[in-house]
Structures are given as C-alpha cells and as structure tokens.
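Student: Residues per chain are reported as follows:
Number of protein chains: 2
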Amino acid sequence: MSKKISIAIDAMGGDNSPDKTIEGVKFFLDSYKNNDDFILNLFGNENIIQEKLLKFKIKTNLIKIISTNSVVSNEESPLTAVKKSKGTSMWNCIQHQLEGKSDISLSAGNTGVLLVISRMILKMMEGVSKPALAGLWPNQNGMNVVLDLGANIECNDQNLVDFAELGSALYKSLFPNERPKVSLLNVGSEEIKGTDILKLASKRLKDLSDEENFIYKGYIEGNNIMSGDSNVIVTDGFTGNIALKTAEGTAKFITKNLKNSLTENFITKISLLFSYFALKKFKKKLDPRKYNGAIFLGLNGPVVKSHGGIDSLGFYHSLDLCYKIIKGNLISQIKKNLKHSKSV
Amino acid sequence: MSKKISIAIDAMGGDNSPDKTIEGVKFFLDSYKNNDDFILNLFGNENIIQEKLLKFKIKTNLIKIISTNSVVSNEESPLTAVKKSKGTSMWNCIQHQLEGKSDISLSAGNTGVLLVISRMILKMMEGVSKPALAGLWPNQNGMNVVLDLGANIECNDQNLVDFAELGSALYKSLFPNERPKVSLLNVGSEEIKGTDILKLASKRLKDLSDEENFIYKGYIEGNNIMSGDSNVIVTDGFTGNIALKTAEGTAKFITKNLKNSLTENFITKISLLFSYFALKKFKKKLDPRKYNGAIFLGLNGPVVKSHGGIDSLGFYHSLDLCYKIIKGNLISQIKKNLKHSKSV
Numbered sequence: 001m002s003k004k005i006s007i008a009i010d011a012m013g014g015d016n017s018p019d020k021t022i023e024g025v026k027f028f029l030d031s032y033k034n035n036d037d038f039i040l041n042l043f044g045n046e047n048i049i050q051e052k053l054l055k056f057k058i059k060t061n062l063i064k065i066i067s068t069n070s071v072v073s074n075e076e077s078p079l080t081a082v083k084k085s086k087g088t089s090m091w092n093c094i095q096h097q098l099e100g101k102s103d104i105s106l107s108a109g110n111t112g113v114l115l116v117i118s119r120m121i122l123k124m125m126e127g128v129s130k131p132a133l134a135g136l137w138p139n140q141n142g143m144n145v146v147l148d149l150g151a152n153i154e155c156n157d158q159n160l161v162d163f164a165e166l167g168s169a170l171y172k173s174l175f176p177n178e179r180p181k182v183s184l185l186n187v188g189s190e191e192i193k194g195t196d197i198l199k200l201a202s203k204r205l206k207d208l209s210d211e212e213n214f215i216y217k218g219y220i221e222g223n224n225i226m227s228g229d230s231n232v233i234v235t236d237g238f239t240g241n242i243a244l245k246t247a248e249g250t251a252k253f254i255t256k257n258l259k260n261s262l263t264e265n266f267i268t269k270i271s272l273l274f275s276y277f278a279l280k281k282f283k284k285k286l287d288p289r290k291y292n293g294a295i296f297l298g299l300n301g302p303v304v305k306s307h308g309g310i311d312s313l314g315f316y317h318s319l320d321l322c323y324k325i326i327k328g329n330l331i332s333q334i335k336k337n338l339k340h341s342k343s344v
Numbered sequence: 001m002s003k004k005i006s007i008a009i010d011a012m013g014g015d016n017s018p019d020k021t022i023e024g025v026k027f028f029l030d031s032y033k034n035n036d037d038f039i040l041n042l043f044g045n046e047n048i049i050q051e052k053l054l055k056f057k058i059k060t061n062l063i064k065i066i067s068t069n070s071v072v073s074n075e076e077s078p079l080t081a082v083k084k085s086k087g088t089s090m091w092n093c094i095q096h097q098l099e100g101k102s103d104i105s106l107s108a109g110n111t112g113v114l115l116v117i118s119r120m121i122l123k124m125m126e127g128v129s130k131p132a133l134a135g136l137w138p139n140q141n142g143m144n145v146v147l148d149l150g151a152n153i154e155c156n157d158q159n160l161v162d163f164a165e166l167g168s169a170l171y172k173s174l175f176p177n178e179r180p181k182v183s184l185l186n187v188g189s190e191e192i193k194g195t196d197i198l199k200l201a202s203k204r205l206k207d208l209s210d211e212e213n214f215i216y217k218g219y220i221e222g223n224n225i226m227s228g229d230s231n232v233i234v235t236d237g238f239t240g241n242i243a244l245k246t247a248e249g250t251a252k253f254i255t256k257n258l259k260n261s262l263t264e265n266f267i268t269k270i271s272l273l274f275s276y277f278a279l280k281k282f283k284k285k286l287d288p289r290k291y292n293g294a295i296f297l298g299l300n301g302p303v304v305k306s307h308g309g310i311d312s313l314g315f316y317h318s319l320d321l322c323y324k325i326i327k328g329n330l331i332s333q334i335k336k337n338l339k340h341s342k343s344v
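Chains as they are written, first to last, in the numbering used here: chain A, 1 to 344; chain B, 1 to 344.
Hints may contain errors.
Since the list gives no way to pick one copy over another, a pair counts as held whenever it fits inside one copy or between any two copies.
As the list claims (entries may be wrong) - Below are the DMTMM-like pairs computed for lysine to aspartate or glutamate, each with C-alpha atoms no more than 20 Å apart in a straight line:
| id | residue 1 | residue 2 |
| --- | --- | --- |
| 1 | K327 | D36 |
| 2 | K55 | D19 |
| 3 | K284 | E264 |
| 4 | K259 | D287 |
| 5 | K256 | D229 |
| 6 | K280 | E264 |
| 7 | K342 | E211 |
| 8 | K256 | D287 |
| 9 | K64 | E99 |
| 10 | K252 | D287 |
| 11 | K26 | D311 |
| 12 | K193 | E76 |
| 13 | K217 | E178 |
| 14 | K285 | E264 |
| 15 | K193 | D157 |
| 16 | K199 | E154 |
| 17 | K252 | D229 |
| 18 | K256 | E221 |
| 19 | K193 | E75 |
Hint data in this document are derived by calculation from the structure and do not stem from the laboratory.
Excised from the complex, chain A in its bound form (with noise of 0.2 Å):
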C-alpha cells in the first residue's frame, strides 16, 4: 500500500467556520466514498469540532482531530502575525506540514497572516527566487493557471521564469493528460510590446520551451486569456491580482444585468420556465466555487488559500484541489522543472 494523501485543514479559519469547513469536508467524503488513500487532519477546537462532525453525520476513520485552542484574527496584520499567531489552527497546519505529517496545507483564514507564515515555517524551495499565488480560471478549452495573483507587487525576469516553471507544474499535477502551455500576460503580442524584464523573461521562456517541460507561446493580451490557446498565464503580481479582479467584477455585472432582464416582466418570467435547466447549468459552469482556492507554491511544500467569505461547498472545491495536487505529485514536477531548466 503506498502512503495516504494527509491534508492539515485550519477548521477554525474564514467566515462562518467550522461548520463550513466541516461541512465541505462533509461533501469531500461524500464525493471520496470508495476511496481510502487519505488522511484529513482537521485543527480547532476539538470539542466544538466533535460537535460540527456530529451535526453533519460524519463518521469514519480518515479523519484525525488536533486539538488548538486559538484562531489567527481577521484583523491581525501580517506584520504583527508570526509573535502573535503561535499555536493557532493556521500555524500548527503548517508545522505539521513541515514535520512531514501532512502533504499540503489548507485554510481560509487571513490571507496575508498565511503567507507571512507559511513562507517563514516551510521556507523557500531551492532553486526558487520568489514564491507565487497561482489560482485556476476557466477558458474556452478548460482550464487556465494564473500566477502571481498578489503575493509579489514587484517582479524581475528570474521570478517570472521561475513562475512559468511552477504553474506548468501545477498544471501538469492537476491535469496529467495535458499539455502545459506558457504565455506571458503583455499589452500587445509583437515582440517590441510591454517592459524590459518583459522581453528579458520572454526569451529565457523561448530557450526553454520543449515538449517535456511546457510550450511556450510568447505573449498574450488580457482578452485572450480565457481563449483557451495557452493555460498557463504568467505575470507579476499587481497585473496578475488587476486582472483576476477586473475579470471577477465584469462577471458579476455582466450576470446582474442578465438577472436583471430577465425578471423583468411576466413575459420574460415565462421565459425561464424554458430556459430554467440551460441557465442552470450556464450558471454551474461559471461558479466561482468551482475554481475556489489559490495554492502558494516555491516554498517546500504547497499551502491552498480558500477564499474566506466562501460557502462550504466552494470550501469543498479548495479540499479537492488540495487532494489532487498531492495526487499528481506536484513537488516532484516542480523539481523536474526546476532541473531542466538549469540544465539549459
């Protein structure tokens, strides 16, 4: 029997926690049911823990309770985070991580206390110059990887290249059956287009690009994102946050409005009588749910962020995603990666 997938869950972090995070454990064992390669390592307060899994009916042995008594606040600054946020349910996911007890490590807790403390306890991959926030985003063909979504303001040629080697690998970890291909998000796809570290990472990717590691495909605009040409999209972290954000606000005005027409009237009421079942599933497809969860890659193991104000089924989506990456052996495509491109 090869070794089970282990998982640290923070059960105490994000809105409405533990009985989201319970619950989207719930419906992870539920969609598991004839599996038994796992192991969930829930931290929070044991008692109340016991409670939430008597509520949700959960019973089974895949699932390990570690007991801590305090929570990383929404208020605490990442500054302040590493005296404060000792013992929490967020830290001792990650520590247990580091003792090489769990595989990957996920919470929905404050954002900027995790990565502050994650990068301190786990520390940098060899072989990377920075970390990066990398999140999945839909396109015509499937699947994008988009990274940095925020963790680095600032970025020079080496932390992009590095960036392409890290989402090709997630990508490759998640999607075995595909092809990684690379493009660097610029404001026009002519080689003269965007900034000097631009064009200085644009060439390093070109040297790189072969079969075994990922395609690249030089540049791509903002509105070719989700064309499904390339599906792993590298930028800095400014762009890469303006863009997801951008991309999310244009969804929900887009779908207001169309709510909006068509509720309208009666005639239009009518209307969904026949369209009911085909909205339905439009609206399934484009669930911001489904693609809940940004994993923090470069550091010696990977750390999922669950967005915090997300239902237990959209915390659900972010434990599979943690799931799937362990399975796909994302550490070791990283290290495959990272080797290639050395030897080039």
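Following the hints, position chain B against chain A.
Tutor: Here is chain B on its own, set in the frame of chain A:
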C-alpha cells in the same frame, strides 16, 4: 451665433472605410438633424467620398471635403510613420486641427501612428507630464472614464496625478451634471497596499481632492471598477490595458456561453421567444460599440481613436463622443483643473 464645433474626420482609416466612416457620418447627421452647430471636415479622396455620400444619400452643407490622396497603412510602424505619413488623410486631420480649423480629430486608422503624429504635431499641453489614452467603461450607475489604456507602459506619481486631472476634466465635459470621483486602481483598498509610486500619487491626490476639481475616493480594486462608487479610474498604461482587455475577454466568454446555453435545444429556443426583447435590451446595454472611441488627452487639442475593426454604428458613437467633448469644453476644463492643482 457662437462658433461652430469643427471635427476633422479621417474618412479613409480603419477596416471597410470609407463606407464605414461615411455611414457613421450619416447616423450622426440623422441623430442631430435639428442642429447646425457643427462642421464635419472629411479627409480623403474627394471622388470616392462624393460617391459614398451619394450612396448613403447624404445631402448637407454641414460637411466639407478636404481631398488627400494617401492613407496610413495598417502595417506602418510608428517608428517610420513620421517620415511616411505626411500628406495622408490622418496627418492632414491633425494638421488642420493644429491650424485651428478644427477642434478635434477622429480616426479609425493605425493606433501607433496616430499617437506618434498627434503628439508630434499638436505637442504636449503646458503643465502635463505625459499624455494618456482614456476610454469609457460602463458601471452600475452610468459610465466610467478609465485612463491610461496603453499610451504609457511605465508611469511615475506625477503622471498618475496628471491622469486624474485629465480624466476628471474629460468626465466633466461629457457629464456636466455629475461630479468626478477619482480612484487609483490597486491590489487592495488599504493605505499600505501597492507600489511606492501609487502611495505617493495617492497622498498627492488626497491633497488635491475638493468639490470643484474632483473628489478623491482612494484605492479601488479590479472587482469594483464597475460598482459605480467611482467614475474616473486612474492607472498606468500597462495595467489599464490589461484590465480593459481582460474585461472585454470575460464579457465575450460569458455571452458566448450564455448564447450556447440558450440555443442548445428546442425547449431553450422556445424560451427565446419570451425573452427576446429583454435579451435585446440587455445586449444593447453592453454593446461595445456604445463605448467605442479612446480619447488621447494631454496634447494641445484632443484626438479620438475609433476601433479599427468596428462597424459604422461604432464609428458613429466615436463621432458623437467628439461632438460632446468639444460641446463640454474639454480643453478649458483641463486648464481649470491644472491651474487649480498648481495652486494647491
């Protein structure tokens, strides 16, 4: 009688011109049929333009043709444009404007060349550190002005402050009954977020904020661009270009998926019978042709760039934009803003 608004139109630039541009002119004349406070100066081959005026049944004394026999090609590089574009319909528009014979120029031709020759011929307005490309972007309550959209890949704090002055002047000229509310696009709304350049610009905008000039609302994140809380969104040209194109790509992705869902079978097609008018209204509200036209600000006179691939209705909207900008006294609004900003 006050002086007529005089608009220089490059009749030959962009795909499918001059058919597109002349039909756009027709839409404009139709929508202002009770006005005679403007003159449209059409630059291009006189015989061809006369032929198209006949084709679209345009008969008016509000049009003047200024014959030019060459056109800037789409492949022309901005680097060699200055030498090669002299005497083209685009060049002669800007020259006409420099000589005070028109107040504004409009072209759907080569963007790079238009920016270079506009800047060279019209020169920068005194007190402006860099010109910017501004665009319109719908929000929940009406319309945003967003700038810079790509004229300046790298910007310092002075440039961003100037963009706030230029953008709020444009907003006031287009929407005289509303108050410009300026925000800086950033990765978070807290004061500690973002680059040093943004922090410096934010501090200066706070000092400049007042009822007469513009209200400074602080940082805005990508997901709130369309919320309507601010209406002048300031950013560097790299970020602005990525944000705008990402929003375009997202809107296209969603509407394409929606269309597929609503036409996937017989039942959903029935729903379209009931939702036809509501969906048409929805589509009209988000029609990108309504927002066509990027405004080049900060020179001694405004220049408007219509999208090259847009149709005649889109071209009409950018012509309408030109008319409104001059009607709203853009240049004196800018001068007032700059004067005020120097006195603080």
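Student: Of the numbered hints stated earlier in the document, which are not met by this structure?
Tutor: Those not satisfied: there are none.
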